[in-house]
Amino acid sequence: MAKPAILFPLILLSILFPISSPDLQTITLPSETIVDAVEILSDSGYLSMSLTLQLISQTLVPEPTSSLTLFAPSDSAFIESGQPPLSLLQYHFSPLKFSLETLKSLPFGTKIPTLFDNHSLVVTSIDSEKEISINNVTINDSVIYDVGSLVVYGVNTFFDPLFENDVNKTLVLMNLGCVNSMSDDNDESAVFVDNNNLEEKGYRIINQFLDMQFGNEKKRMTVFAPDDNEMKGSLVNLTDLASVFRRHVVPCKLTWNDLINLEDELVLPTYLKGFSIKMKKSGDVLVLNGGVPIVFSDVYKNENIAVHGIQKMLGLNDDEKKLSNTDNGSEFHSSASADESHDNNLDYGEF
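Residue numbers (mature numbering (1 follows the signal peptide of the UniProt record, and there is no 0)): -21 to -1, 1 to 330.
Some hints here could point you the wrong way.
Cβ pair distances, simulated, as ranges [said to hold, decoys possible]:
#1 I239 <-> T136: 41 to 47 Å
#2 W235 <-> S60: 37 to 43 Å
#3 E59 <-> N175: 26 to 32 Å
#4 N97 <-> G212: 47 to 53 Å
#5 N281 <-> D54: 48 to 54 Å
#6 K90 <-> N175: 47 to 53 Å
#7 E59 <-> W235: 18 to 24 Å
#8 L79 <-> E282: 21 to 27 Å
#9 E178 <-> N135: 43 to 49 Å
#10 E179 <-> G212: 18 to 24 Å
#11 N240 <-> L85: 25 to 31 Å
#12 G88 <-> N296: 26 to 32 Å
Computed list of lysine to aspartate or glutamate pairs in EDC-like fashion (alpha-carbon distance at most 16 Å, straight line) [stated by the list, open to error]:
#13 K109 <-> D125
#14 K260 <-> E244
#15 K280 <-> D120
#16 K83 <-> E110
#17 K252 <-> D219
#18 K291 <-> D206
#19 K180 <-> D219
#20 K280 <-> D237
#21 K180 <-> D206
#22 K291 <-> D237
#23 K83 <-> D120
#24 K280 <-> D190
#25 K90 <-> D139
#26 K280 <-> E179
#27 K211 <-> D237
#28 K291 <-> D190
#29 K180 <-> D277
#30 K76 <-> D139
#31 K260 <-> E282
#32 K180 <-> D139
#33 K259 <-> D243
#34 K259 <-> D237
#35 K211 <-> E178
#36 K259 <-> E282
#37 K252 <-> D237
#38 K83 <-> D96
#39 K109 <-> E80
Quick caveat, the hints were computed from the structure, so don't treat them as lab data. We put the beta carbon where it would ideally sit given N, CA and C, even for glycine.
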């Protein structure tokens, strides 16, 4: 019997999703499976999904199915979004049962069918040994329920049904090496920069940091570089320089010709945890993160690296600052530390 504390949510959900519906056929999973899953979801802290499954399991599935995978949004996701429409709930059910091992084996871009007509989920895992990602939402690595024909996984937010429209943009980045480069250190090419070329064009600080961080390491990259005047006016210390550099570097080579032939709107990954560069075309100008134009295309390029000059540094919002504070910069190394200097302020005379 439902506890008094949850009777009101039960009544509300029953109004929103009446049990009888002439348009939908009943689920063919054993009723005891649904009862067990409802109880386990509640015990595991997924009360909202537990109540929802209990009330709409018989009206949720438009066609009979003998197996299901449920990606259960957390209670905080329900609180944040409000009561979702039935179609969104159906988007979190697949008529196939996927074991954890199967999910880990699915390559990037694999489409997973759902109970929401003409809408699929998309596998976005880059390195499934580290985490499983669907629609850019991380799947909790512990299974909530796996008995018979039903398996349930937890997710911290609702999947976006519009995400499938954007997946082709990510596949373009994969073809250019932008996605794979984030987890692949076996690129056969090494970074080598003509120092004089960049310095003569007013990008000496960025050039020095490229040398300091990469040297002869095997990397391909694109650098969106503020010039020396902008760097000197905005930087305070060496720690700032490391963060600034990481958020201006994309892990693949994109020349100006590559950039202007990409989608009108695109999100590029960077080496700074939690920070992406959103690129949009505005006439003949490419604008980054809503207000920073590229002002000097192909400042420098060779077979491994492309550098483009931008008007000013790319800033961080509050959420990105929190994430970047947890980034230990494992992709980078520093030739100096605060312990090696009595003054951590930058000496621009060195540049």
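Results of checking the hints against the structure:
| no. | hint | in the structure |
| --- | --- | --- |
| 1 | I239 <-> T136: 41 to 47 Å | violated, 34 Å |
| 2 | W235 <-> S60: 37 to 43 Å | holds, 40 Å |
| 3 | E59 <-> N175: 26 to 32 Å | violated, 53 Å |
| 4 | N97 <-> G212: 47 to 53 Å | holds, 52 Å |
| 5 | N281 <-> D54: 48 to 54 Å | holds, 52 Å |
| 6 | K90 <-> N175: 47 to 53 Å | holds, 50 Å |
| 7 | E59 <-> W235: 18 to 24 Å | violated, 40 Å |
| 8 | L79 <-> E282: 21 to 27 Å | violated, 41 Å |
| 9 | E178 <-> N135: 43 to 49 Å | holds, 46 Å |
| 10 | E179 <-> G212: 18 to 24 Å | holds, 21 Å |
| 11 | N240 <-> L85: 25 to 31 Å | holds, 30 Å |
| 12 | G88 <-> N296: 26 to 32 Å | holds, 29 Å |
| 13 | K109 <-> D125 | violated, 21 Å |
| 14 | K260 <-> E244 | holds, 7 Å |
| 15 | K280 <-> D120 | violated, 41 Å |
| 16 | K83 <-> E110 | holds, 8 Å |
| 17 | K252 <-> D219 | holds, 15 Å |
| 18 | K291 <-> D206 | holds, 8 Å |
| 19 | K180 <-> D219 | violated, 23 Å |
| 20 | K280 <-> D237 | holds, 12 Å |
| 21 | K180 <-> D206 | holds, 9 Å |
| 22 | K291 <-> D237 | violated, 22 Å |
| 23 | K83 <-> D120 | holds, 10 Å |
| 24 | K280 <-> D190 | holds, 15 Å |
| 25 | K90 <-> D139 | holds, 14 Å |
| 26 | K280 <-> E179 | holds, 14 Å |
| 27 | K211 <-> D237 | violated, 30 Å |
| 28 | K291 <-> D190 | violated, 22 Å |
| 29 | K180 <-> D277 | holds, 11 Å |
| 30 | K76 <-> D139 | violated, 21 Å |
| 31 | K260 <-> E282 | violated, 25 Å |
| 32 | K180 <-> D139 | violated, 44 Å |
| 33 | K259 <-> D243 | holds, 6 Å |
| 34 | K259 <-> D237 | holds, 14 Å |
| 35 | K211 <-> E178 | holds, 14 Å |
| 36 | K259 <-> E282 | violated, 25 Å |
| 37 | K252 <-> D237 | violated, 24 Å |
| 38 | K83 <-> D96 | violated, 25 Å |
| 39 | K109 <-> E80 | holds, 13 Å |
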